[in-house]
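S.K.: Just so you know, the protein sequences line up as chains A and B, in that order. The working numbering applies: residue 1 is where the first sequence begins, and numbers increase by one. The working numbering applies: residue 1 is where the second sequence begins, and numbers increase by one.
Some hints could be false.
Calculated Cβ distances over 10 Å to all of chain B for the following chain A residues [said to hold, decoys possible]:
#, residue
1, HIS25
2, ASN117
3, ILE122
4, GLU149
5, ASN150
6, PRO203
7, LYS214
8, PRO264
Restricting the straight-line Cα-Cα distance to at most 35 Å, the calculated cross-link-like pairs of lysine-lysine (DSBU-like) are [unchecked claim]:
#, chain 1, residue 1, chain 2, residue 2
9, B, LYS150, A, LYS214
10, B, LYS223, A, LYS163
11, B, LYS150, A, LYS106
12, B, LYS59, A, LYS92
According to the in silico footprint, chain A covers these stretches of chain B (three or more CB under 8 Å from chain A) [unchecked claim]:
#, stretch
13, 82–95
14, 134–142
These are calculated hints, taken from the structure and not from any lab test. A virtual CB, placed ideally from N, CA and C, is assigned to each residue, including glycine.
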Amino acid sequence: MIDVIDLKKHFGEFQALKGITTTIHEGEKVAVIGPSGSGKSTFLRCLNCLEDPTSGDIVFDGVNIADFKVDINIHRRKMGMVFQQFNLFNNKTVIENIMMAPLYIKKQELRSLKLKNFFIKITNIFTKNKKNLYEIDKAKSQIVEEVRENALRLLKRIGLEDKADVYPSTLSGGQKQRIAIVRALAMNPKVILFDEPTSALDPEMVGEVLDLIKQLADEGMTLVIVTHEMGFAREVATRVIFMDEGMIVEENTPEEIFTNPQNPRTKAFLSKVL
Amino acid sequence: MGSFERKIAKFWEIFIEYDGYKRVLTGLQNTLYIAIVGLAIGIVIGTIIAIIEVIPKYKKLPRVLNGICKFYVALFRGSPVVVQLLVFYYVVFPLLGLNIPAVNVCVLVFGLNSAAYVSEIMRGGIMSVDSGQMEAARAVGLSYGVSMLKVIVPQAVKNILPTLGNEFIALIKETSVVSFVGAADLYVAFNYIGTNSYEFMVPYLVMALIYIVLVAIIAFLVKIMERSLRKSDRRN
Ligand SMILES: Nc1ncnc2c1ncn2[C@@H]1O[C@H](COP(=O)(O)OP(=O)(O)OP(=O)(O)O)[C@@H](O)[C@H]1O
Ligand SMILES: [Mg+2]
Chain A
1 MIDVIDLKKH
11 FGEFQALKGI
21 TTTIHEGEKV
31 AVIGPSGSGK
41 STFLRCLNCL
51 EDPTSGDIVF
61 DGVNIADFKV
71 DINIHRRKMG
81 MVFQQFNLFN
91 NKTVIENIMM
101 APLYIKKQEL
111 RSLKLKNFFI
121 KITNIFTKNK
131 KNLYEIDKAK
141 SQIVEEVREN
151 ALRLLKRIGL
161 EDKADVYPST
171 LSGGQKQRIA
181 IVRALAMNPK
191 VILFDEPTSA
201 LDPEMVGEVL
211 DLIKQLADEG
221 MTLVIVTHEM
231 GFAREVATRV
241 IFMDEGMIVE
251 ENTPEEIFTN
261 PQNPRTKAFL
271 SKVL
Chain B
1 MGSFERKIAK
11 FWEIFIEYDG
21 YKRVLTGLQN
31 TLYIAIVGLA
41 IGIVIGTIIA
51 IIEVIPKYKK
61 LPRVLNGICK
71 FYVALFRGSP
81 VVVQLLVFYY
91 VVFPLLGLNI
101 PAVNVCVLVF
111 GLNSAAYVSE
121 IMRGGIMSVD
131 SGQMEAARAV
141 GLSYGVSMLK
151 VIVPQAVKNI
161 LPTLGNEFIA
171 LIKETSVVSF
181 VGAADLYVAF
191 NYIGTNSYEF
201 MVPYLVMALI
211 YIVLVAIIAF
221 LVKIMERSLR
231 KSDRRN
C-alpha cells in the first residue's frame with residue numbers, strides 16, 4: 001500500500017535519512033524501533049509528507065505523494081496520524097476535534113457540487129443539448145448530523161461520550177490520546193501512523209491507549225508504530241523495523257528480531273532496552 | 001476662588017445653553033467610531049499580514065508578498081500617524097480624485113496604521129501556538145490556509161486579546177489628532193466651548209477627565225477579560 005523507495009531527508013547539512021526502501025502492505029502492523037535520533041520520527045513523518053522528503057518516492061495507492069505537484073491534502077485524509085503530544089485542537093471541544101476534518105471536507109464537496117451545478121445551469125441557458133446536473137442527495141444539515149453521529153459512535157467506543165462537549169485541557173493524557181486516535185479514525189483512513197503514542201503518558205495510562213491500538217490491529221487496520229514499548233511491538237507487530245543512523249539496519253518478524261537478531265547493532269540496541 | 005466659579009458657570013452656560021454638549025457627544029462618538037472601526041480594520045489587515053509573514057517561504061509568491069508586507073509595516077510604523085493622516089487627506093485622496101468625509105479618512109488611516117502594529121502582535125500570537133496544532137491539522141488533510149484560520153488564528157487571538165485591548169486604548173488616545181484634517185472629535189468640541197466662553201481652563205480640564213475615564217473603563221474591561229481568560233486557560 002505504501003512503497004518507500006530510496007527515501008532521503010536532509011536537515012541542512014545533516015542527513016537524517018540515508019536512503020530507506022521498504023513496503024508497507026495492507027493489513028500489516030509495522031513497529032519501528034531504534035535508538036534516539038536514529039530517524040524513526042523523520043521516517044514516519046515523511047510517510048505522509050509532514051516532512052518533505054529531500055529525495056526518493058513515497059508511493060501511496062499508486063500515487064507518488066512525494067511529488068510536489070500532487071495535492072497532498074487529499075492523500076493525507078487516508079493516512080491517519082497520532083502524535084506523542086496528542087495535539088488535540090485546544091480551541092475545539094472533544095466532539096468538534098473529531099468532527100472538524102470530516103465535516104469540513106464533506107461541506108467542501110457539497111459546495112463544489114453546487115458550484116458546478118450553477119455553471120451547468122448557466123451554460124444550459126445558452127446551449128441546445130442540455131447537460132445533466134450533478135445529483136445532490138444530502139442537505140448540509142444532514143451531513144452535519146451524519147458526521148456527528150459517527151463522532152458520537154467513536155466516542156462511545158472508547159467510553160468517553162460524556163466528554164463530548166468539554167475542552168481537551170480538562171482531560172487526562174490517556175483520554176486525550178484515545179480521542180486523538182478516534183479523531184484519526186473518523187476519516188476512515190487506510191493506514192494510521194503512530195509516533196511514540198504512549199511516551200508522554202503517565203505509566204498508569206499506557207495500558208488503555210495500547211489496548212485501543214491493539215483493537216485496531218485486530219480489526220485489520222494497517223498500522224505503522226514508532227515505539228519504545230518492546231513488549232507491545234512483539235505482541236502486536238507483524239514486522240519490526242530496526243533503524244539506526246538514518247538507515248534500516250534490519251527488518252523481520254518480531255520473533256526473529258527479538259530472539260535472533262542478526263546485525264550487531266540490533267543486538268547491542270536490544271540488549272540495552274530488553 | 002471666585003474666578004474659578006465664574007469660569008465653571010461660563011463653561012456650563014456654553015455647554016448646556018449653546019449646545020456645547022451636543023458637540024461633545026458628537027466628538028465622543030467620532031472618537032469611539034474611529035477607534036473601534038479602525039481597530040477592526042487593523043485586526044483584519046494585520047491578521048492577513050501576520051499570516052503571510054509566517055507562511056513557509058519556499059515558493060516565490062510568499063516571498064514577494066512578504067516583501068510587500070515588510071514594506072507596508074515599515075512605512076506605517078516609520079512615520080507619525082498625524083503625517084499619515086495629512087498625506088491621505090491632502091495628497092492621496094485628492095490625487096485619486098476622491099472626496100471623502102474627514103471622519104472616514106481618519107477611520108481608514110487609523111485602520112491602516114494599527115494594522116501595522118496588530119500584525120506584529122498577531123505574529124507573536126501565532127508563533128506562541130504550539131507547532132503540534134498545525135501539524136495535527138495538516139495531518140488530517142486540511143490545507144495550510146484552513147488550518148491557519150480554524151485552528152491557529154483562534155488560539156492566537158485568545159492569547160493576544162489583552163494586548164489588543166491595550167492597542168485599542170492606544171488608538172483612542174491617538175485619535176486626538178484627527179482635528180488636523182477637520183474631523184470633529186472631543187478636542188474640536190471643547191475648543192468650541194473654550195472659544196465661545198473666552199476661557200479654556202475648564203473645557204480642557206473636562207476633556208482630560210473624559211479621556212482618563214474612558215481609558216480607565218476600557219482598561220478595566222481588559223483586566224476582567226484577562227482574568228476570565230486565565231481561568232478558562234487550564235492547559236498545561
Ligand atoms: N526539524 C529538524 N531540523 C533539524 N534536525 C532535525 C529536525 N528533525 C529531526 N532532526 C534531526 O534528525 C535526526 C533524527 O531525528 P528523529 O526525530 O527522526 O529521531 P528519532 O529516531 O525519532 O528519535 P527519538 O527516539 O528521540 O524520537 C536527529 O538527529 C534530529 O536531531
Ligand atoms: Mg521521535
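S.K.: Compare the structure with each hint and give your call.
M.R.: Verification of the hints:
| no. | hint | result |
| --- | --- | --- |
| 1 | HIS25 | 22 Å, holds |
| 2 | ASN117 | 23 Å, holds |
| 3 | ILE122 | 28 Å, holds |
| 4 | GLU149 | 19 Å, holds |
| 5 | ASN150 | 14 Å, holds |
| 6 | PRO203 | 18 Å, holds |
| 7 | LYS214 | 22 Å, holds |
| 8 | PRO264 | 36 Å, holds |
| 9 | LYS150/B - LYS214/A | 32 Å, holds |
| 10 | LYS223/B - LYS163/A | 31 Å, holds |
| 11 | LYS150/B - LYS106/A | 16 Å, holds |
| 12 | LYS59/B - LYS92/A | 31 Å, holds |
| 13 | 82–95 | violated (count 0) |
| 14 | 134–142 | holds (count 8) |
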